[in-house]
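Construct the entire structure; sequences and hints are all you get.
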Amino acid sequence: MAPLLELRGLQARYGPIVALHDVSLTVGEGEVVALLGANGAGKTTTLRAISGLVSKTGEVVYAGSQVRRATPERLARLGLAHVPEGRGLFPELTVWENLRMGAYVRRDRRRVKADLDRAVEHFPWILERRNQHAATLSGGEQQMLAVARALVARPRLLMLDEPSLGLAPLVTQEVFRVVHELNEQDGLTVLVVEQNAQIALTVSHRAYVLEVGRVAVEGSSAELREHEGVRRSYLGY
Amino acid sequence: MSGIWLRVLGYVAILAAVIALPHFVGSFTTAEFTYVAVYAIALFGLNILTGITGQISLGQGGFMAIGAYTTAILSADHGWPQLLTVPAAGLVAGLAGFLFGFPALRLAGVYLALATFALAVIIPSIASAFAFTGGSSGILLELPTSPIGGVSVDTWLYYVSWAVAVVGFVVALWFVRGKRGRALRAIMENELAATASGVSLSRYKTLAFGVSAAYAGVAGGLFGILSFIVTPGLIPITTSILLLAGLVVGGARSFLGAIIGAIFVELIQVYSADVLGPVINTAQKLGLPIGDVEKTTPGVPSVVYGVILLLVLFLMPRGAAGLFSRIAGLTRRVV
Amino acid sequence: MLPLAFTWSDFFQQVVFGLAIGAVYASLALAIVLIYRTTHVVNFAQGEMATFTTYIACTLTANHGWSFWPAFFATIVIAFLLGAATERVIIRPFERGDPLTLILVTIALFVIFNGLVQWIWGPEQKFFQGAFSPKPFTIGGVSIAHQDIGVIGVTLATVVVLWLFFRFTKLGLAMRAAAIAPIASRLMGVRVGWMYAAGWGFAASLGAVSGMMVAPIIFLNPSMMQSVLVYAFAAAVLGGIESPVGAVVGGLLLGLGTTLLGAYVSWIGVDLQLPVAFTVLILVLLIRPAGLLGRHVVRRV
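Residue numbers (the numbering used here), protein chains in the order written: chain A, 1 to 237; chain B, 1001 to 1335; chain C, 2001 to 2301.
Hints in this document: simulated from the structure, not taken from any laboratory. As the structure is a prediction and not an experimental result, all values here were calculated from the model. Don't take every hint at face value.
As the list claims (entries may be wrong) - Calculated lysine-lysine pairs in the DSBU-like style (CA-CA distance at most 30 Å, straight line): (1) C:Lys2170 <-> A:Lys113; (2) B:Lys1295 <-> C:Lys2170; (3) B:Lys1295 <-> B:Lys1285.
This is the structure:
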């Protein structure tokens, strides 16, 4: 089966600075793939490049089509949900309004209602706090809300950028638990960028390690957990 | 060294052209270029304030109005000789500008634009409200006369206005030299850094407002004399905008550019209809329901210079004189 | 300083008139705030665009025999299209550039619209038949003009409709989202560019309402909205340049305040109301730039 997402020789730059030299990876349907690496390795840039927020050269194939020139809006309509670094919530909008924005791309009103209900099931606190401004939520709650919002779009591919950033370890575990559940129960395909390699590798099936804008190591998560270099640099043992 | 000589040569050439003009053209064109001198004076002031100190002002016309009214009141109601009222107009307007400079100290960018815009709108309305400014009908001035036999009024006014303009030009050049000029430019670059280097914002900003308003006042006084009547509608907000447009087109920062801007300001008002002529003919041939335009069709100059301003903003943020200083820079290297 | 013959009925008359003219300021102020919130531009041309569209309404009623309300709604639609087109075609290329250039662009638009009005319709004053008869009616001994109540009513209805739109519709939510976080919105599938255009469209419609309400009162002429714009700026700044509620409250307060001052403080009268508004504008900018309802603006030292 063809992968849901495939990058071939992706290059991206910010002005004169080349952030990605040559990134190639695949994400298969139903997989959780982790993108690891140190700060500045290019992980976030990779997601932004996929989403169309950064100009790039190379091939990006999503759901069978070439989408290198696609705009973020178009990709959203094609079922790509990107939870950016910093969550990208609308701070002055309420929790419920943020959630509703997730459904912007959807045309089927009745199924949206069902999805909103499901989001509330996963995160019951949303219902009680629905009229609160998103800015007043804690870091963990904001992350959950961002994920919930992405789910309401019924995406084919969920991309998460550093979900653990700024979160306490317990909260991080909770977030990843939810991601794992969604993948197991609903077959959600996930590409997660993480600095916290340890937790990312417990949830993902496969992983890539980026270094200085290139893929340095790739393989199944089990392999990477045993990999000498990965253990030393990213897992701390 | 050769760069300076080129510039001096340029100045002399322009001066010669100014002196020679009335001998070669009729009185209508002479009158047009009298207005050019008046606008140039206003633009020297605006250049100091906006081009050099970086304080955007949509209110230059308002200070011109103050100057015009000063001239009108002094000459019509108090019998002053008309030309003597002009320096007084400059003083009064300059004082008003200086006072406005205090609240303006704390405003910048959009908010300063807002405040100066509002000022230019309300000054005519204030003039309309009081009896000593003639209310809504304004003040009628005596027709100016030429004190030199054999020289027509138009020619006399032309040379007077240009004499004032030349003086204004020289004074402006002097004003922005040395320490003061550096302080003003520093304020435009970066107010915070300027303050850190010891530049007193309050002193220089109010000074810039005052001096630029004084220039506007002088221009306004002359404008009033040329118009024979000073009414609230004589200098509407669109004049302030036109002056700013002239500054952009002529190139902020350069006083030579101010003269180019002044030529633009005058010619646009007179020749827009002609400029637009071919465009309208083409449009009519294409079947668009556009009527013919006369020189006197109202609104046409505004549309034309509005569009030109948009184009200039899109293409050349520094305006025409920015282009010239680039050319002068090139010749400096070549010659 | 009260005039010798103060009557309560006069007072209420002035209050109603003050609220009516305040409603006119409020809708133009709301338009300015709307554009500022979405595209972070202060649109100096808001008033002239309103004048232009009001002239269109006048052409429909006077030259083509339309009755007021069909012309009113048609003009609102035309204004929307005009505003959206202006944003897409003229403002768009400058949006990424420096804000001072943008200011000059809107100023250029000011003169273009001002010039177009004079060119197409001439500089003379015109009579615009409003929706409401200028005859007064009496309640409890107070004589009140239909017009004033009508202006208040129409403006209120417009503001409420707009509020409902932004609060409850998908498009309204998307427009708010685009104004708050354009990049995140794009990731949700929102075409932010079109949201900006729609923002300008609604603002232009608001301006048209303002113009059509005020034209029967102060007579239609090319510089009709210039002083209204000063009041609207003062109201927007007073209420907080990012606060729609503030703009409406500010407009009503300003209208009420200047009318009452004009009626009861003899040296202000009708002629000096505008300078009073100007003074308010300057004072607010100096003392509390965030306005009454805006968030506190920190002046970065």
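Taking the hints in turn, this is what the structure says about them:
no.	hint	verdict
1	C:Lys2170 <-> A:Lys113	holds, 14 Å
2	B:Lys1295 <-> C:Lys2170	violated, 51 Å
3	B:Lys1295 <-> B:Lys1285	holds, 21 Å
In summary, the structure is inconsistent with hint 2 from the numbered list given earlier, while agreeing with all the others.
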